[in-house]
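Q: Below, each chain spelled out in residue letters.
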Amino acid sequence: MLGDYSLTDLSSIFVMQGFAGLILFSVYTLMALGLAIIFGQMGVINMAHGEFMILGAYMTYLCSGFFQTYLPALFPAYFFVAMALAFLASGALGMLVEWALIRHLYKRPLDTLLATWGLSLILQQAYRTIFGPREVGVELPAWLIGSVQVTDTIEIPINGMFVMGVTTLITVGVALLMYRSRFGAQVRAVVQNRPMAGAVGIDTEKVDRLTFGLGCGIAGIAGSAFTMVGSTGPTSGQLYIVDTFLIVVFGGAASLLGTIASAFSISQTQSTLEFFLSGSTAKVITLLAVVGILMLRPQGLFTLKVRR
Amino acid sequence: MISPKSSSTVHDNPFMKPMEWVSLALLAAVIFLVLPMLLDAFRLNLVGKYLTYSFVALGLVICWGFGGILSLGQGVFFGLGGYLMAMYLKLEASSVENTKIQSTPGIPDFMDWNQITELPWFWKPFTSLPFTLIAVVVVPAFFAFVIGSAMFRRRVGGTYFAIITQAIAAILTILIVGQQGYTGGINGITDLRTLHGWDIRTDRAHNILYFVNGGLLVACILFAQYVKRSKLGRILLAMRDKEDRVRFSGYQVASFKTFAFCLAAVFAAIGGAMFTLQVGFMSPSFVGIVPSIEMVIYAAVGGRLSLFGAVWGTLLVNWAKTSFSESFPELWLFGLGALFIAVVLAFPNGLAGIYRTYVEPRLTRRVKALEPAPAVALPHAAE
Amino acid sequence: MAEDKGNGLQSALRRRLLMGLAGVPAIALMPRMSFAAGPATATVNTTGLAVTDTEVTVGILHSATGTMAISETGSIQAEKLAISQINEAGGVLGRKIKVIQEDGASDWPTFAEKAKKLLVNDHCAAVMGCWTSASRKAALPVFEQYNGLLYYPTFYEGLEQSKNVIYTGQEATQQILESLNWVAKEKGAKTFFFIGSDYIWPRTSNKIARKHIENVLKTKVVGEEYFPLGHTQFNSVINKLKLTKPDVIFTDVVGGSNVAFYKQLKAAGIDLSKQTLLTISVTEDEIDGIGGDNIAGAYSCMKYFQSLKNANNEKFVAAFHKMWGEKTVIGDVTQAAYLGPFLWKMAVEKAGSFDVDKVAAASAGIEFKEAPEGYVKIHPNHHLWSKTRVAKALPSGQFEVVYESPELIEPNPFPKGYQ
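If you're matching them up, the sequences are chains A, B and C in order. To convert, count from 1 in the first sequence and add 45; that's our numbering. To convert, count from 1 in the second sequence and add 411; that's our numbering. To convert, count from 1 in the third sequence and add 76; that's our numbering.
Chain A with its partners taken away, still in its complex shape:
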């Protein structure tokens, strides 16, 4: 299929395709990061992860409406406020859920799966009741729309770069938090040996709650960022959930680096295959490859030796 095109065309397409892959990588990383923290660090399967993301998206929607009506002058900057609010809202809901639900189930990981699935149904219906069954359109500030013309033939979407920026910031932030801060040390201590961590004076319950809240909050930010590229409706969260879980599992549950590596390999495979094959086929091949590799190497790409 490439024979008929000029060299400049092809090279610019490869550049743009590379960016498409990177954007997909950022989207996947952002999606999976919150889950990687919750699943990787706490061993909890949060099936309502998608709904936490959509909560962030709805916060963004509300924010855009609010700024348009009351603070039109500040509208260009509303997205940052929206992301902060999305983080707070999803994080707060996450902590509430941890307190009411998850903390009773730490010894039964499979049961958290069922309970959070129930939670996701409730949240979906709540969104439907509050915001209506239709998808809502989120108005973006003008500077986030359109693309940057790099050369005559190369154009890079601005919102894609924005997502990349957000992802990078959050990933670095999370890495610092987990590996360079006191809180991170506590989280890791709790993961590695809960009774011992408790014995040395770490409030394990509080650490659990904060970790869960942090994971959900990041999901909220992801949802907020995705209003730029995707849809916002009561069931939109479901679109992401399988991909997200596969990325985390493929990466090896307890490792942030693994999550990033797995998001990278899956996104590159998919985006390359999508270019050469049809979208549906590309998706199936990617998923099959992931499952195939998981059958051979079920612990995922990267593993952490942990005493369980």
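Treat the hints loosely; a few may be bogus.
Below, computed lysine-lysine pairings styled on DSS-like, alpha-carbon distance capped at 30 Å [unchecked claim]:
1) C/LYS296 to C/LYS350
2) B/LYS511 to C/LYS239
3) B/LYS732 to C/LYS296
Not close to chain A: a few residues of chain C, all C-beta gaps over 12 Å, as computed [as the list claims (entries may be wrong)]:
4) THR143
5) SER147
6) GLU262
7) LYS283
8) LYS287
9) HIS307
10) ASN315
11) LYS318
12) LYS321
13) TYR338
14) ALA344
15) ASP364
16) LYS385
17) GLU446
18) LYS468
19) LYS492
Please keep in mind that the hints were generated in silico from the structure rather than gathered at the bench. Glycine is no exception: its CB is placed at the ideal position from the N, C-alpha and C atoms.
Assemble chains B and C onto chain A, guided by the hints.
A: Below, chains B and C without anything else, positioned relative to chain A:
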């Protein structure tokens, strides 16, 4: 996990305890006598459809309740069984006579719409009923065997296994929808008419199929009971509670797990085949993640350790779904969600747990006091 | 230029309207019927339908819950509006319509189940319902087995015809061919790129479009891509668009994917005021979620748009807004759903009976001159003769009609040479 109170007895025990015979008799009475007498043909057909889900729930009791393996992809096997049966029925409905308006008569209508001019090779054997019936059992078992042995040999379990089975369900759905020339795509395989010349759409046929379905279900329960009481069942329980000790005692843990998973798959496939026969079509909406997880909740509501509970749970949840969604469609999802949470938090052993804690002790006392056993005060789940 | 065309259109419409008014006898008949007492129940209902001396039962069967509720809500609203209007005008054969509404819950077997309930338990004289092809395929055998009557509102892939179904939406050839001719003529399009969701309707529609493009227009399809339902990442295919530079992007993406696709298209710098995009899956309903800004400039081909300027439509839009709120938008399928009850009423009155066989037989040739889309007529194959329109999406979320087929287009569910 939850340690079961009654089922872990190791000493010599009969095939079923008296109370279990009572439960079985009660279930059989409800399925074969009470429901057919109370319900009209339409409602009875509905119950028949629900009962096909209880095959899946039954399989989940074995692999999840007894074996500790939670599969979130049972829809795959339900779907396989259903699709295989649907292939036979569709071929029978697509005789040259029935399809003469097509550009290629004699092949299923959806193939004709997709410019397929010849029956694909993997459809051809499905003109034979015996082959189809064997395939309904063998194909899902084979798939389960491949997935199970690959995973369990490498000691994948718990949440990982759940997520991977979920991914398989997602992949199969995309595959079926994408290959619509061979599978009927998102519409599924519809407009099925006869089984070996016998019209399955009439009320009378529905009635007969209902009883066949009920009979198969009881047979499956008995078989599951047999497995539960056998040495195999005890190893499964032991494995669920302390896998390493079983392994160190020299047992091939992976083989036992694979067996449980295969058995669950076969049950699900039988349910799927019966579903196709009673409902008259099969579509990818039974294969994906959502139906698979819903089927897990049937088992959970019934009590993940109770074979009978699985059936009652399925009937109860579906009955609630039909009646609530008729009167309060808004509230239904809230109700279902709350049910998930309540079952997990408050009643981890489901209906069977409630029955065991509150009803059985009293009942047993009375049974001991006066023979024969009065069959009252059991959870009146179905209806 | 667009304005000129708009005016021309309007006057054409006006002419047609006047012609329609000239043929008034059918209209004049209706009020008279309604004031007279209805004929005896025993004579109009010989097959045990739920018809009493004062009432007749009709079913509505759509998804009020689940993923499809987004789309089907409009149809429910339109059908209820139509039925309440019919009741205000005296009902059908002197009988008020009583509605039994069932929820298909976006689940195909549930559609079959509830269809059976409506026919077997409730003895509905007719059912307005189904939306997706899958739900129709599931319910169709039930309607045929129990001899019910279904009014199906969605534009769909064709390849189906049943005595027991009246298709009030367009089948694929009606919807697509005219608009392809238009785009070839107006935009001089030579190359096309197809992007669709991966299921039967887009695939069949694209197949028909491809045959037409290759065999009739003698131009070329340079790409054809399908994505799983719910897919949200389109950057790769957008790059392919940039590489192949098609004259026309032809899309039939549905659901949440739609929103993602148009947002990413816009973000990638593909300007729909320069790049022609023709879609057969975006109505006013979808634009609500996509956002008018993101899709402004795209062309959609449908038989109805809310902005149609004719007296019927203005009345319809006003009534709809009065009943369901000013903000509700009205898409193609909503209008088609509105037609159902009226077409049924007229067929019943023509047949002088509620019996399904008689109503089905009387349906062919029924004309509905107050249709918001202008004028429709039932073909013997139970589809509607209708016009096709191409309209440009505006940032406001409405459409501006730029082309209207001069004649009614004959429905052709089994098109020769397109299969």
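Q: With reference to the structure, classify each hint as holding or not holding.
A: For each hint, the structure was consulted:
no., hint, verdict
1, C/LYS296 to C/LYS350, "holds, 20 Å"
2, B/LYS511 to C/LYS239, "holds, 18 Å"
3, B/LYS732 to C/LYS296, "violated, 51 Å"
4, THR143, "violated, 5 Å"
5, SER147, "violated, 9 Å"
6, GLU262, "holds, 27 Å"
7, LYS283, "holds, 15 Å"
8, LYS287, "holds, 19 Å"
9, HIS307, "violated, 6 Å"
10, ASN315, "violated, 5 Å"
11, LYS318, "violated, 7 Å"
12, LYS321, "violated, 9 Å"
13, TYR338, "violated, 10 Å"
14, ALA344, "violated, 5 Å"
15, ASP364, "violated, 6 Å"
16, LYS385, "holds, 26 Å"
17, GLU446, "holds, 28 Å"
18, LYS468, "holds, 19 Å"
19, LYS492, "holds, 28 Å"
Of the hints listed earlier, those the structure fails to meet are numbers 3, 4, 5, 9, 10, 11, 12, 13, 14 and 15, in rising order.
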